[in-house]
Amino acid sequence: MIHVLVKFFGPLRDVVGCDEMRLSVSPPYTGESAFEVLSSRHTEVGLWRSSLRLAVNLEYVDFSKVLHEGDELCFVPPVSGG
Amino acid sequence: MISITNKPIDPASILEQVSTPESGGVDIFIGIVRNLSDGKRVQRLEYSAYVPMAEKIMAQIEHEIKEKWEAHSVALVHRIGGLSIGEIAVVTAVSAAHRKEAFEACRFAIDRIKSVVPIWKKEYFEGEVKWSAGGEG
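These protein sequence lines are chains A and F, in that order. In terms of my numbering, the first sequence is residues 1 to 82. In terms of my numbering, the second sequence is residues 1001 to 1137.
Only chain A is shown next, with the shape it has when bound in the complex:
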């Protein structure tokens, strides 16, 4: 079991109702596993899967990325800056 911190922004923040959340992830320690933990808590989040990108420690990575204790994640909804 590892623990990660997930930050929320934009429309996804409205869906979960908070700025950040600690998640406990069981093996396999991947971004996809973390997402499954999150969507088991908030079923609506699951609907966003195909439009989200994963960031770990401030970098975009694949959902297959291996996570480590203390990582900071963000499931990034479609951006609209600029």
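Only some residues are given here: those of chain F computed to face chain A with a beta carbon under 7 Å:
1. G1031
2. M1053
3. V1090
4. V1117
5. I1119
6. A1133
Listed next, the in silico SDA-like pairs over lysine to any residue satisfying Cα-Cα at most 20 Å (straight line):
7. A/K7 <-> F/K1122
8. F/K1056 <-> A/Y60
9. F/K1122 <-> A/P78
10. F/K1056 <-> A/D62
11. A/K7 <-> F/V1116
12. A/K7 <-> F/P1052
13. F/K1122 <-> A/R13
14. F/K1122 <-> A/L52
15. A/K7 <-> F/V1051
Rough simulated footprint, nothing fancy, chain F against chain A, three-plus residues with beta-carbon under 8 Å:
16. 6-13
17. 70-82
Derived by calculation from the structure, the hints in this document are not laboratory data. Note that CB positions come from ideal geometry on N, CA and C, so glycine has one too.
Based on these hints, arrange chain F on the given structure of chain A.
Below, chain F alone, put in the same frame as chain A:
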């Protein structure tokens, strides 16, 4: 020069910052809040950002521009917080030896910001508030 700020953006001072004696061309793009979006009247906007990541990605964009176009100086500035119609949301500015590189690099800068930087725009219409879907806006 990278900045995410909640203060009004001054393009004149950015222009001054990127100009160098070696630069024959400086291109500056100014993104302004307009009154229409998707055919509806916009009252105001709010930008929010995952600031540490946005700064990191913007620094990567700056680096990429300097490598690809041999730009002398690059400024990428994005405002966050509440903005009214007519206010400046974003400025990209690039100086280079010649106009070709300056034009291309400045355009790349804004296109790249719009596609990858973790910043979100919330639009307030009459009776409706909506997160922008990105793309052209």
